[in-house]
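Construct all of the structure, not just a fragment, from the sequences and the given hints.
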Amino acid sequence: MKKNVIPKEGVYYIYSIYQQILPELLVRDLTKLFYDIEMPLIPCLYRMEKRGIKIDIQFFKQLTKELEKEIFSLQKEIYQLSGIVFNLNSPKQLAEVLFDRLKLPIPKGKERSTASEVLIELLPYSPIIEKILRYRELNKVLTTYLKPFPEMCDENQRLHTYFDQTKTSTGRLASLSPNLQNIPVRGELGQKIRKGFISEEGYLLISADYSQIELRILAHITEDENLIDVFLQDKDIHTTTAAKIFKVKEEEVKEDMRRFAKMVNYGLIYGMSDYGLAESLRLKKEEAKEFMENYLNSFPKVKEWREEVIRKAKEEGYTKTLFGRPRYFPALLSPNKTLYEQAKRQAINAPIQGSAADIIKKAMVEVDRKLIENRFNIGLILTIHDELLFEIEKERIEEAKEIIKETMENIYPLKVPLKVNIGIGKNWQEAHS
DNA sequence: GCGATCACG
DNA sequence: ACGTACGTGATCGCC
Numbered sequence: 001m002k003k004n005v006i007p008k009e010g011v012y013y014i015y016s017i018y019q020q021i022l023p024e025l026l027v028r029d030l031t032k033l034f035y036d037i038e039m040p041l042i043p044c045l046y047r048m049e050k051r052g053i054k055i056d057i058q059f060f061k062q063l064t065k066e067l068e069k070e071i072f073s074l075q076k077e078i079y080q081l082s083g084i085v086f087n088l089n090s091p092k093q094l095a096e097v098l099f100d101r102l103k104l105p106i107p108k109g110k111e112r113s114t115a116s117e118v119l120i121e122l123l124p125y126s127p128i129i130e131k132i133l134r135y136r137e138l139n140k141v142l143t144t145y146l147k148p149f150p151e152m153c154d155e156n157q158r159l160h161t162y163f164d165q166t167k168t169s170t171g172r173l174a175s176l177s178p179n180l181q182n183i184p185v186r187g188e189l190g191q192k193i194r195k196g197f198i199s200e201e202g203y204l205l206i207s208a209d210y211s212q213i214e215l216r217i218l219a220h221i222t223e224d225e226n227l228i229d230v231f232l233q234d235k236d237i238h239t240t241t242a243a244k245i246f247k248v249k250e251e252e253v254k255e256d257m258r259r260f261a262k263m264v265n266y267g268l269i270y271g272m273s274d275y276g277l278a279e280s281l282r283l284k285k286e287e288a289k290e291f292m293e294n295y296l297n298s299f300p301k302v303k304e305w306r307e308e309v310i311r312k313a314k315e316e317g318y319t320k321t322l323f324g325r326p327r328y329f330p331a332l333l334s335p336n337k338t339l340y341e342q343a344k345r346q347a348i349n350a351p352i353q354g355s356a357a358d359i360i361k362k363a364m365v366e367v368d369r370k371l372i373e374n375r376f377n378i379g380l381i382l383t384i385h386d387e388l389l390f391e392i393e394k395e396r397i398e399e400a401k402e403i404i405k406e407t408m409e410n411i412y413p414l415k416v417p418l419k420v421n422i423g424i425g426k427n428w429q430e431a432h433s
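Residue 353 in our numbering sits at position 353 of the first sequence, with consecutive numbering throughout.
If you're looking for bench data, these hints aren't it; they were derived computationally from the structure. For glycine and all other residues, C-beta sits at the position ideal for the given N, C-alpha and C. It cannot be assumed that every hint is accurate.
Unchecked claim - Heads up, simulated PhoX-like pairs for lysine-lysine below, C-alpha to C-alpha not over 25 Å straight-line:
no.: 1; residue 1: 61; residue 2: 426
no.: 2; residue 1: 167; residue 2: 32
no.: 3; residue 1: 301; residue 2: 314
Claimed, not checked - Each pair of labels, with its calculated beta carbon distance range:
no.: 4; residue 1: 72; residue 2: 324; range: 53 to 59 Å
no.: 5; residue 1: 76; residue 2: 398; range: 49 to 55 Å
no.: 6; residue 1: 280; residue 2: 62; range: 52 to 58 Å
In structure tokens form, the structure reads like this:
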């Protein structure tokens with residue numbers, strides 16, 4: 001969609017569309033969602049789009065040069081090792097080189113894929129693999145972010161995204177042209193790129209992110225005593241889960257056990273099966289099954305809730321978030337088992353992901369309003385699902401920080417506290433706490 | 001225009 | 001026996 005352009009004819013239809021929609025809103029009990037969240041959000045999103053975020057164009061161009069150099073030499077090495085020049089960006093051609101020409105084994109169940117997850121398993125078989133993985137990483141970042149962004153800036157070196165309020169099935173926002181919700185953050189390269197997103201002279205960026213908002217919402221919705229307890233005591237949820245699924249004391253939880261537990265916790269929100277858990281953690285199916293059982297026994301209401309939400313979705317045809325946002329699941333009646341199972345997982349996930357979206361949207365409207373009321377110069381500039389990014393004049397940082405944290409944490413009281421981490425810096429890397 | 005891939009939450 | 005973790009957007013090759 002072309003941004004900032006409303007077709008002239010479209011304006012005349014808005015009132016008649018409103019007249020058609022109003023009875024529907026009433027029937028489906030959506031007036032609160034519409035008037036309290038989505039409508040007030042529109043001017044807030046408009047201001048964010050208009051403000052944009054500043055990037056350091058020189059920094060982007062310099063990094064582009066460096067990456068192009070490394071990519072060129074990687075390319076040369078890869079052609080040398082394979083003994084043929086081909087299009088590295090073509091998965092089809094790459095598969096031919098790896099599996100036919102170099103006769104590398106195809107990991108079972110993976111079927112000639114060249115996805116990084118498969119390539120990692122091939123690392124021991126040829127020195128070409130690590131070079132391909134590095135090439136992929138660099139080329140991705142180069143073509144998706146580093147090269148296009150300087151071209152997309154306005155005269156003040158600011159990038160303006162476009163938020164689509166109607167696109168997702170869960171109630172989240174979508175960010176496009178450019179998407180500023182998938183800027184790299186992981187690894188050294190990600191951290192480096194985030195240094196290129198900067199504040200204006202005399203300003204600083206404030207990043208405020210909800211800590212584990214989806215798991216807190218899970219605790220609230222399921223009313224599971226053990227899960228609620230973890231958050232009331234402000235304990236580390238992943239460590240607690242690790243202790244329960246490994247059946248050890250919390251003091252005995254090691255780093256990799258915590259990492260496993262983190263995947264189990266999020267897997268649960270996504271409706272993951274024991275098989276899926278085994279896949280992603282490279283476990284034996286029996287082990288994964290045991291972890292799942294240990295988890296569900298430790299948090300019994302979570303298990304009950306998962307069953308209940310599916311039963312209700314089948315009966316009524318939809319799920320609802322905390323603010324009544326529905327998502328419909330026609331596939332729960334599908335004879336196609338794949339579609340049916342997928343719909344079940346989506347039905348578990350939608351109320352959680354969607355409720356988090358409801359809450360952050362309400363917080364956005366309220367924080368934006370307060371910052372304007374208090375005459376801050378810029379304010380809210382980005383939302384990345386559970387993080388809000390602000391640009392604030394240096395002299396008033398502490399004042400803004402208080403307003404932001406207080407508003408976000410108290411916007412909608414749950415049975416567990418909402419916790420917000422705040423970071424401040426002259427670039428996004430520094431601010432992202 | 002779609003599938004594969006991979007960036008994020 | 002089956003198929004197997006939710007939600008997105010951008011880029012590229014290929015038909």
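A quick look at each hint next to the structure:
{"no.": "1", "hint": "61 x 426", "result": "holds (19 Å)"}
{"no.": "2", "hint": "167 x 32", "result": "holds (20 Å)"}
{"no.": "3", "hint": "301 x 314", "result": "holds (20 Å)"}
{"no.": "4", "hint": "72 x 324: 53 to 59 Å", "result": "holds (55 Å)"}
{"no.": "5", "hint": "76 x 398: 49 to 55 Å", "result": "holds (52 Å)"}
{"no.": "6", "hint": "280 x 62: 52 to 58 Å", "result": "violated (37 Å)"}
Checked against the numbered hints given earlier, this structure breaks only hint 6.
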